[in-house]
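Protein chains in written order, with our numbering: chain A, 1 to 531; chain B, 1 to 347; chain C, 1 to 404.
Read the hints as simulated data drawn from the structure, not as lab findings.
Since the model is a prediction, treat every value here as computed from it, not as a measurement.
Heads up, a few of these hints could be off.
[Stated by the list, open to error] Dumping the calculated DSBU-like pairs for lysine-lysine here, alpha-carbon to alpha-carbon at most 35 Å: (1) K295/A - K278/A; (2) K439/A - K233/C; (3) K179/A - K249/A; (4) K295/A - K93/A; (5) K93/A - K73/A; (6) K196/C - K439/A; (7) K278/A - K29/A; (8) K439/A - K303/C.
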Amino acid sequence: MPRPGFVLDVDRSTPPILFHHGEGFRLEKLPAGRSRVIYPAEPHEPLEHPDAAIRDALLNPLGESEPLPALLKPGMKLTIAFDDISLPLPPMKRPDIRQRVIEAVLDLAAAAGVDDVMLIAALALHRRMTEAELRHAVGDRVYDAFAPHGLLVNHDAEDPDNLEYLGTTDQGEEVEINKRAADSDLIVYVNINLVSMDGGWKSTATGLASYRSLRHHHNVRTMQHSRSFMDQHRSELHSSNWRMGKVLKDAGVKVFQIETTMNNNVFGTEGPMSVLQKREWEWNAKDRISFAAMKAGLDRLPQRTRRSAFQSWQAPHAMTSVQAGEVEAVHEVTTANVYAQHLVGVEGQTDILTMGLPYISPYNVNSILNPILVACLGLGYFFNLYRGKPPVREGGVVIMSHPTPWEFHPVHHPSYIDFFEQVLAETTDPIRIEAEFEKGFAEDEWYRHLYRTSHAYHGVHPFYMWYWCAHALQHVGQVIIVGGDVRAVRRLGFKAASTLQDALEMASDTVGPDATITHLHNPPILMADVT
Amino acid sequence: MSPDSGAGGGLGDWAGRRMPISARQATDLIKRLPVNRSVANGAGRAGTRALARALPAPLRRPTAPDGVELLPVKSKVGANYDTDWARTYPARAARVLLVEGLIRPVVDLFATPTVKGVDRLADLGEQPVVFAANHHSHIDTPVMLSVIPEPWRHHLFIGAAADYFFGNQVTSTLSALVIGAIPIERTKVTRNSADQAAALIDDGWSMLIFPEGGRSPDGWGQSFRGGAAYLSIRCEVPVVPVHVEGTGRILRKGKNVPRPSPTTVTFGDPIVPGEGEDSRRMAVRIEAAVAQLADEAGSDWWQARRRAAAGDTPSLQGPSTGAWRRTWALGDRRAGRRRPRRSWPEV
Amino acid sequence: MKALRFERNLPRFAAATVAGRLAGGAGAKVGPLRLRSIDPPHLPGPGWSEIRPRLAGICGSDLSTVDGHSSRYFEPIVSFPFVPGHEVVADLDAPVGSVPAGRVVVEPVLGCVTRSIDPVCDACARGDLGNCERIAFGAIEPGLQTGFCCDTGGGWSTRMVAHASQLHPVPADWSDEAAVMVEPTACAVHGALAAKVAEGDLVVVLGAGALGLLVIAALDRFAPPCTVLAVAKHPVQRDLAREFGADVVVEPGEIARAVRRATGTMALGDGDIVRLAGGADVVIDCVGSDASLAQGLAVVRPKGRITMVGMPGHTRVDLTGLWQREITLAGAYAYGTETIGGERRRTFDLAFELVAAADLGRLVSATYPLARYEDALTHAANAGPRGAVRIAFDLRNEKERNRA
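Based on the provided sequences and hints, a complete structural model is requested.
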């Protein structure tokens with residue numbers, strides 16, 4: 001029976017707590033009597049017969065929707081869109097959920113005699129997926145059947161011939177999506193809802209959209225008014241996407257949404273990595289030895305080897321539920337399932353929020369976590385994993401632990417390098433950044449060329465990373481990074497400390513000497529339900 | 001060559017009577033002339049019997065006196081060969097070493113198998129299953145032993161033809177040890193073989209079986225018998241259909257020397273016996289599944305699914321036409337175009 | 001008198017070359033540069049006068065000479081043994097020609113006039129003293145500049161001689177440090193103007209040592225309005241570059257990216273830029289190494305212009321880009337007369353203006369007595385990492401100097 005998440009009040013007999021530190025770990029002792037640690041729930045049991053559950057969901061849809069076989073007719077145009085490389089995190093063992101769902105959908109399509117099928121990786125302005133990544137996501141059978149004929153493609157948001165403008169919402173937000181998808185008789189969207197931000201109308205309205213559409217909700221104002229963007233009902237990001245969903249519906253775009261949830265079994269319950277998922281006082285002798293050995297081994301390895309070792313980890317997380325049918329009905333059930341795994345009740349806020357950042361974010365799979373992504377992972381994702389109020393009070397301090405190397409992947413993140421060198425050197429204020437620099441980067445021809453032909457994130461993407469931090473930057477008083485490269489941290493506009501104790505010392509300038517601390521023991525993923 | 005030619009000790013009167021030449025001369029002659037193999041073997045056996053007669057008293061086989069009732073000799077080979085010893089720990093350890101150290105490298109050398117569809121087995125956990133594959137060549141068994149994934153590979157037994165693989169002590173021992181075989185009657189599965197197989201499956205062993213019964217004589221499949229289906233229903237384990245492509249090119253029935261050639265093994269979705277399904281109907285299902293896998297290996301998965309949905313999957317047994325047209329149609333089946341072998345003239 | 005003299009001594013030269021390769025300035029210890037007590041030079045003729053150096057700067061070309069890096073090109077146009085030092089502010093005791101007594105700055109080029117050649121060559125007639133064709137002929141030994149000629153002496157000593165045409169009076173309110181910066185500033189001014197910058201150009205200045213920083217200052221004052229992108233490795237250099245008017249300052253590895261950002265051009269090679277498709281209009285190379293030349297070729301636009309102000313030696317560089325993109329590669333040496341604002345003005349006069357306007361005297365980071373010449377040369381060779389710009393010899397306190 002998996003235990004729920006809980007909040008531990010740190011006292012003198014609490015052992016040192018595990019902090020993730022990029023491609024490494026630290027054990028930190030939090031001050032007793034004024035710290036608490038939020039532990040995630042243990043992984044829920046996965047579905048025993050996932051393929052059967054998927055078929056069942058397709059035949060028994062939620063909301064006002066016919067079963068999928070009834071929607072498939074010979075001679076129709078079918079588009080299957082699926083989530084890109086940014087999900088799940090870390091990548092899961094084969095067979096991927098998307099492979100299972102897509103094969104089930106295609107089975108029904110074959111039975112119905114559908115000929116015109118196209119599969120699109122709905123990556124919006126993310127980077128194109130490589131062949132190996134696509135094979136991992138959809139499986140070799142589907143890849144070999146569709147890719148050689150050009151029927152399995154990456155969405156190209158900068159292809160003027162493949163975008164269709166569908167209208168504007170009542171708040172002036174333009175809706176423009178992939179033309180093939182818009183012209184289809186049916187879009188089947190295959191989601192992996194890793195966190196409660198994913199899914200719903202965001203899948204089609206963002207995943208298949210262009211810059212013209214995205215800039216209406218990927219901006220500072222929207223992010224500052226999303227408290228948090230993980231909570232659909234208090235998120236301006238979601239409201240905007242839902243408005244766009246209405247435009248899509250009115251324009252006649254039919255979407256059969258399939259959403260799936262996963263448990264948070266990131267490191268496994270057995271094996272050498274399982275120690276990272278266990279509560280520190282429950283580490284047995286074998287765990288302690290394997291942790292010490294792992295830490296010692298990692299410290300000796302060169303950075304590149306460490307990085308490739310971590311990036312090659314495939315997590316054993318598995319599907320816990322699958323829903324299909326009408327977008328909003330499906331999303332409601334899915335979100336409830338996501339909350340069931342992630343939510344941990346937390347009472348009140350503290351002065352300081354600490355977090356250990358792991359090696360992976362949605363935007364550096366098989367790549368390098370550069371300083372901008374460090375900020376986005378900490379102040380964007382981890383900070384926003386709350387419902388109600390942030391676990392840290394307004395004006396408090398956020399302390400993140402990550403080596404923050406001044407290193408960028410030149411193929412995946414070329415515009416990030418320029419953003420870091422040029423824009424952040426000038427200012428770190430998101431509003432100024434948006435006003436003065438976004439347009440130049442968004443319309444730069446070279447970035448556009450690399451996005452379309454190489455494997456680079458779009459020129460405007462680093463801006464989105466910075467906007468993701470906008471709510472946190474507005475809310476907290478100071479941000480400190482422990483163990484990071486000093487120059488890089490300063491360029492981000494944060495303060496650098498070498499140890500957690502130093503960081504707490506520095507924080508006392510902002511929050512006073514006896515500040516209360518919350519530590520998010522994340523990953524595995526948890527979401528604080530703060531009352 | 002006239003019968004009167006030759007010096008002493010040469011070919012004498014050999015019109016059906018005992019040949020007045022030595023055994024060694026006879027075997028030499030047999031090697032050089034195109035003679036029926038079984039006759040040649042018979043000559044060999046005759047030679048060994050002659051050798052046995054030459055041994056001193058206690059070592060040679062005693063002759064039976066007249067008027068005595070001889071005990072019935074129970075054949076210990078063939079279907080009666082007891083293979084339990086091959087499933088003891090030391091024998092299994094030896095088999096693991098043989099499979100990993102000898103069979104796999106040799107198979108990689110000759111057959112370089114491409115394995116597809118293993119992810120379809122991800123949900124099976126560790127329960128025993130019955131692998132049902134098409135059969136074209138003796139190479140099928142080593143190839144399957146190499147590609148079946150853990151946890152089934154080293155927990156596997158194979159139903160092998162009793163008369164061929166368990167013909168004598170030597171072949172029986174080798175079959176049981178190296179490939180973990182148990183004897184199965186070729187013509188009709190007897191109670192004994194079936195019970196033995198069922199008992200093993202219940203014990204957690206997985207089975208590899210070729211439902212066609214024997215190797216394909218002409219490259220096309222034969223109809224699938226009910227053995228795999230019967231066992232699956234009786235022991236309530238799923239059947240994993242497997243399609244093996246290319247082993248016919250390596251070592252076809254009738255040939256003795258293997259020729260390297262690439263192979264493809266495609267695993268299919270496990271087939272679970274339905275409520276009250278009978279083995280004949282399930283055998284048809286299994287054959288259809290393997291046929292779909294053959295289609296998938298030959299073209300791609302989507303086209304195979306479309307043809308399966310429309311009922312157009314090409315049959316494993318080939319067209320019902322004459323022999324040369326069947327062989328002709330075989331060439332169409334192979335996936336991809338074979339690059340014509342270019343040979344430059346010797347000048 | 002006491003002087004640092006560069007002697008013709010092959011084994012020592014070889015030793016200097018080896019030492020110089022291992023560490024900058026190390027050639028001073030083992031090389032042909034020796035601290036000697038020698039006779040002061042004689043006056044070669046009328047119009048010449050003896051001067052007593054006060055401060056003498058150490059220039060990049062001096063360091064190359066000491067470390068054995070300079071090219072054999074110079075052999076016919078220098079005469080051994082010579083006293084180095086061509087950046088000199090000195091005391092003139094008695095007026096000579098039209099130059100009053102007092103402090104003077106030496107314009108080191110030894111043109112026709114100093115060599116008593118009459119009529120002068122075309123270049124000297126035009127005022128382009130740096131292009132004089134007679135630097136190996138005439139009344140004095142071969143020597144392209146004071147500081148490379150055995151007859152004139154040089155700044156790294158307590159006494160030297162100079163022709164009246166070489167002397168520029170120093171305003172009374174100037175510091176010695178400001179005066180000693182005039183000669184390098186003149187080099188920079190000439191280089192900046194030789195780069196032919198047009199209005200609105202993007203100018204990349206490679207190298208932020210003394211020469212690079214002075215070029216930036218010169219561009220700021222004398223060139224048409226343009227965007228200057230400076231490449232600086234060390235924080236002191238970066239701050240000074242920004243202060244002197246560089247619009248963008250980047251580190252050496254980021255130059256291609258910065259130029260791409262500034263011009264919005266496409267680049268070849270995916271995110272890892274190989275070279276730019278377009279590029280900067282003008283590149284001024286104040287370093288003169290293989291790497292800097294290759295960098296210049298990679299970031300200048302087709303039909304752009306690379307001006308080499310820093311002295312190169314034997315460089316190996318792939319010139320395919322030069323040919324394919326129709327790039328102009330030009331050299332800029334020393335000084336003479338510039339055409340600016342439609343009129344002809346001597347470079348040294350412009351240099352005086354710039355030194356005063358930008359307070360360039362503060363670039364003299366440290367001075368050394370002659371006796372500590374090894375430290376001085378090491379410091380000069382490592383100026384960047386040690387946060388220094390210009391190192392000079394301080395002759396004012398040398399005992400011999402003040403004796404009659």
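**Q.** Numbered hints the structure breaks, given as an ascending list
**A.** Those not satisfied: there are none.
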